[in-house]
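Undergrad: Going down the list, the protein sequences come from chains A and B.
For the first sequence, the numbering used here begins at 1 and goes up steadily by one.
For the second sequence, the numbering used here begins at 1 and goes up steadily by one.
Treat the hints with care, since some could be wrong.
Chain copies aren't distinguished; within one or between two, either way the pair holds.
With a Cα cut of at most 20 Å, we get these calculated DMTMM-like pairs of lysine to aspartate or glutamate [what the hints assert, rightly or not]:
(1) 2 - 59
(2) 6 - 72
(3) 2 - 49
(4) 6 - 74
(5) 2 - 45
(6) 63 - 22
(7) 62 - 43
(8) 10 - 49
(9) 10 - 74
(10) 10 - 78
(11) 40 - 74
(12) 2 - 51
(13) 40 - 51
(14) 19 - 45
(15) 6 - 71
(16) 10 - 51
(17) 31 - 47
(18) 40 - 22
(19) 63 - 78
(20) 50 - 71
(21) 6 - 45
(22) 19 - 43
(23) 63 - 74
Bear in mind the hints are in silico, worked out from the structure with no lab data behind them.
In this text the structure is predicted, and so the values were computed from the model without any measurement.
Protein chains: 2
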Amino acid sequence: MKLNVKIMPKNGVLDPQGKAIENSLSQLGFKNFSEIRQGKIIEIDIDADKDQAINITDEMCKKLLVNLIIEDYEIIFDREE
Amino acid sequence: MKLNVKIMPKNGVLDPQGKAIENSLSQLGFKNFSEIRQGKIIEIDIDADKDQAINITDEMCKKLLVNLIIEDYEIIFDREE
Numbered sequence: 001m002k003l004n005v006k007i008m009p010k011n012g013v014l015d016p017q018g019k020a021i022e023n024s025l026s027q028l029g030f031k032n033f034s035e036i037r038q039g040k041i042i043e044i045d046i047d048a049d050k051d052q053a054i055n056i057t058d059e060m061c062k063k064l065l066v067n068l069i070i071e072d073y074e075i076i077f078d079r080e081e
Numbered sequence: 001m002k003l004n005v006k007i008m009p010k011n012g013v014l015d016p017q018g019k020a021i022e023n024s025l026s027q028l029g030f031k032n033f034s035e036i037r038q039g040k041i042i043e044i045d046i047d048a049d050k051d052q053a054i055n056i057t058d059e060m061c062k063k064l065l066v067n068l069i070i071e072d073y074e075i076i077f078d079r080e081e
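All chains, full assembly: derive it from the sequences and hints.
TA: As structure tokens, this is what we get:
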């Protein structure tokens with residue numbers, strides 16, 4: 001079962017990469033955009049059924065992948081599943 | 001209109017971050033997983049309708065956000081939209 005873990009800086013946590021992108025886009029002449037934030041996405045293929053895969057991924061996030069003090073995460077399945 | 005740009009290393013391009021995560025997960029005792037790849041996700045809020053937002057984001061990706069030689073990207077709308 002393939003899944004994605006989307007890891008974003010929590011609201012209120014400074015996101016320098018997002019700010020850098022905003023500045024560069026402005027300099028390139030882009031307008032009408034706001035609130036750019038950059039996070040990480042991790043694709044994992046887990047050999048388990050959906051419920052189990054969610055549990056395993058949750059544990060992976062808490063033990064290794066996510067810094068829960070400054071980051072939020074979300075487990076996303078591919079559309080077709 | 002809020003959208004996400006998911007940027008992943010192309011298939012065949014070395015993904016050292018993904019490999020590092022695989023190694024760390026193994027050392028923590030996780031099994032049954034494979035093919036871990038890490039990419040970036042960028043959230044953007046664009047003041048335009050859906051078609052326009054896709055066009056603008058495409059241009060942002062090509063001009064700044066994505067290195068098309070080694071990365072693939074995908075524009076993803078939030079579920080509710």
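Undergrad: Each hint needs a verdict: does it hold in this structure or not?
TA: Checked hints:
1. 2 - 59: within (16 Å within a copy, 29 Å between copies)
2. 6 - 72: both (8 Å within a copy, 17 Å between copies)
3. 2 - 49: within (10 Å within a copy, 31 Å between copies)
4. 6 - 74: both (5 Å within a copy, 14 Å between copies)
5. 2 - 45: Classified as within: same-chain Cα gap 4 Å, cross-chain 27 Å, threshold 20 Å.
6. 63 - 22: The answer is between: 13 Å across copies meets 20 Å, while 32 Å in one copy does not.
7. 62 - 43: Result: close within a single copy only, 16 Å intra versus 23 Å inter.
8. 10 - 49: Answer is neither: 29 Å inside a copy and 27 Å across each miss the 20 Å cutoff.
9. 10 - 74: Intra 12 Å, inter 23 Å, cutoff 20 Å: intra-copy only.
10. 10 - 78: Classified as between; 18 Å across copies, 23 Å inside a copy.
11. 40 - 74: Result: close both inside a copy and across copies, 11 Å intra and 14 Å inter.
12. 2 - 51: Answer is within; shortest intra-copy Cα gap is 12 Å, inter-copy 29 Å.
13. 40 - 51: neither (23 Å within a copy, 26 Å between copies)
14. 19 - 45: between (32 Å within a copy, 13 Å between copies)
15. 6 - 71: This pair counts as both: shortest intra-copy Cα distance 10 Å, inter-copy 18 Å.
16. 10 - 51: neither (26 Å within a copy, 29 Å between copies)
17. 31 - 47: Answer is between: at 9 Å across copies they meet the 20 Å cutoff, but 44 Å inside does not.
18. 40 - 22: both (17 Å within a copy, 16 Å between copies)
19. 63 - 78: neither (24 Å within a copy, 27 Å between copies)
20. 50 - 71: Cα proximity of residue 50 and residue 71: none, with 24 Å in one copy and 28 Å across.
21. 6 - 45: both (14 Å within a copy, 17 Å between copies)
22. 19 - 43: between (25 Å within a copy, 12 Å between copies)
23. 63 - 74: Intra 15 Å, inter 29 Å, cutoff 20 Å: intra-copy only.
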